[in-house]
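Asks: Assemble chain G onto chain F, guided by the hints.
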Amino acid sequence: MPLTLESSYPLIAICSLGVLLLLLEIVLKKPDPVSYSVTIAGLLAVGVCIFPGLLRGDGATPTGGAGLLFCEVFIAAALLTVVFSGEYLRRHDSERAAGQGAYNLLVVFAVAGMMLMALAGDLISLFLGLELMSICLYVLVGFLRKHVTGNEASLKYFLLGAFITGFILYGIALLYGSAGTLSIDAIVALVIAGDQTPVFWAGLALVLAGFAFKVGAFPFHMWIPDVYQGAPTPVTAFMATGAKAAAFSVLILMFSRRGGAEGLVFRDLISFLAAGSMIVGNLLAIVQQNVKRMLAYSSIAHAGYMLVGIASGNLNGSDGVTFYLVSYLFMNVGAFGVVSLVEEREEKNLTYEDYSGFSAKNPLLAGLLALFLFSLAGLPPFGGFFGKYFVFVAAIEADLTWLAILGVLSSLAGVYYYIRLVMVMYFRDGEAGRAEAVPRLVLAALGLAALINVQLGILPSSVISLIHRFH
Amino acid sequence: MDFERIFFFATAGVAVVSGILTITRRNPVQSVLFLIVNFFCIALLYLGLHAQFLAIIQILVYAGAIMVLFLFVIMLLNLGDENTLEEKSGYRKYIAVVLAAVVLVQILTVVAGGVTGPTGTAAAGFGTVEALGETLFREYLLQFEATSVLLLAALVGVIVIAKKKVI
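Chains F and G, in that order, are what the protein sequence lines are. Each residue of the first sequence is one higher than the last, beginning at 1 in our numbering. Each residue of the second sequence is one higher than the last, beginning at 1001 in our numbering.
Chain F on its own, in the form it takes in the complex:
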């Protein structure tokens, strides 16, 4: 069923919030504090109004309850981003701090784009959502106008992103031309039926390449380190979680949702993407000295783990990826959040050495960061462990044991660089580490993210049983 105006209420709500923020900018003389609270309250309200539908496993949208769950993920990512951004912008660019209304507005519109991608289930909406999200992100990456690296990152992201948009659009045109339909469900049905024209497969491959770029998978990962490093840290967190979840919601729909493994022509291709991302991401992350860059490379590796779930092509695989995305959201935004608090102007305080002695100065923040890093490393009892567990089990079920073994081995390499940062924080004396007061709201957000991480690690069934209900 197509997405109607009634069933797209989350989308309409978030767009209304965006327009409201725009009006506040015009009407108020000093809109920033108001805009900050209105954004947070508005995002919370939209999240709450989606919740009943999510619990019902609402099938009113083409993508059903899973689409709504993704909407909640985007909203949570945006909320945490906005909370961290207030303090970050104030410290990094006094001039830009005043333009925070526009910043929040762009985050809200980016969420609208992500929601359109996750809810719609047809190729036109998919493309429009992707563009809406990407355009907002291009601007957000370069938001600190005086930062040379930020501007460079923004331009790079824009040029490469526009280029890859061409790929996706061309793929969509080929799919439409050969299948005669824009509905993703119909196209997946054709894939499972098999025996399509080469034009059809070419179109599907182009779409796959485009989304592999958007999630930052191996042969298309070149932009990730530079863009993630150059962007303001909260924006990096938003891109690594929200934008990645949006692209994965589409990959799940198009390449794994039906669980028809026999219809998955691209399984070898996706396995290759997954294996390459895990190896390249983890190995390159080991040699990084800059924490932000290390997290960027590790996000390539995480895209690889999630692609393992997509390659499995069974229901456990797609459920595992969904769970992974939920847990990844809270650990990654948390880690970037602490990094954004430690980071100083002009990209200072970002190397490993700068974290020496951090636990002595800021025991609370150091403890939280250690928790997020353990979760990213995939150690129990945190959410990251079960994310990896689910996708690897799905891979073994799908006879992709080699991929699961490779995943476990490469995540062992991952443990090294995450734990190294923890070691530096706790066992090395040093001068660095801010002792300034952290805003209470930021601390509350970090604490909440940490709690959810622990909860997902101890009681993964709370979320995974919800995901099972969407089948």
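Take these hints with a grain of salt, some might be off.
Below, a list of computed lysine-lysine pairs in the PhoX-like style, where the Cα atoms sit at most 20 Å apart [unchecked claim]:
| # | chain 1 | residue 1 | chain 2 | residue 2 |
| --- | --- | --- | --- | --- |
| 1 | F | K29 | G | K1163 |
| 2 | F | K30 | G | K1163 |
| 3 | F | K156 | F | K146 |
| 4 | G | K1163 | F | K146 |
These are computed hints drawn from the structure, not numbers from a lab. Here the structure is a predicted model, which is why all the values come from computation and not from measurement.
Replies: Same frame as chain F, but now just chain G:
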């Protein structure tokens, strides 16, 4: 030959000739002028296929907006009396020749193989402004509205990047 055929071959002939002239003129402004002729011919071809809306859009967007952009860029780039583009030789030229040859071979095989495009008759009124409006505002209303949000976000983004002073 009926009128439609004569119309097609006349327009297509002018389109091909103006296309060749576009890439062989040394003066960029002349090139652009021939490109406009080419765009108009293509619009006429669309009209011959009863795709009124596409024809109008072709003229408005390509012959109108994109052409102006082209002219602006040429005027901004070619300062002084230098009105011819410099010839750049090198390996790129050879790559271009190879690519062109590949495309030519592809087209020839397709034509020689007698491959036909999708067949079947379009519904009555297909491609007219009315039909397009119906589809756009009934079936794709949500997507149409999403486009407006997209434009709004792009507008905000441009202002954020380009604004001289940040409030």
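Asks: Each hint: holds or not?
Replies: Do the hints match the structure? See the list:
no. : hint               : verdict
1   : F:K29 <-> G:K1163  : 18 Å, holds
2   : F:K30 <-> G:K1163  : 18 Å, holds
3   : F:K156 <-> F:K146  : 16 Å, holds
4   : G:K1163 <-> F:K146 : 13 Å, holds
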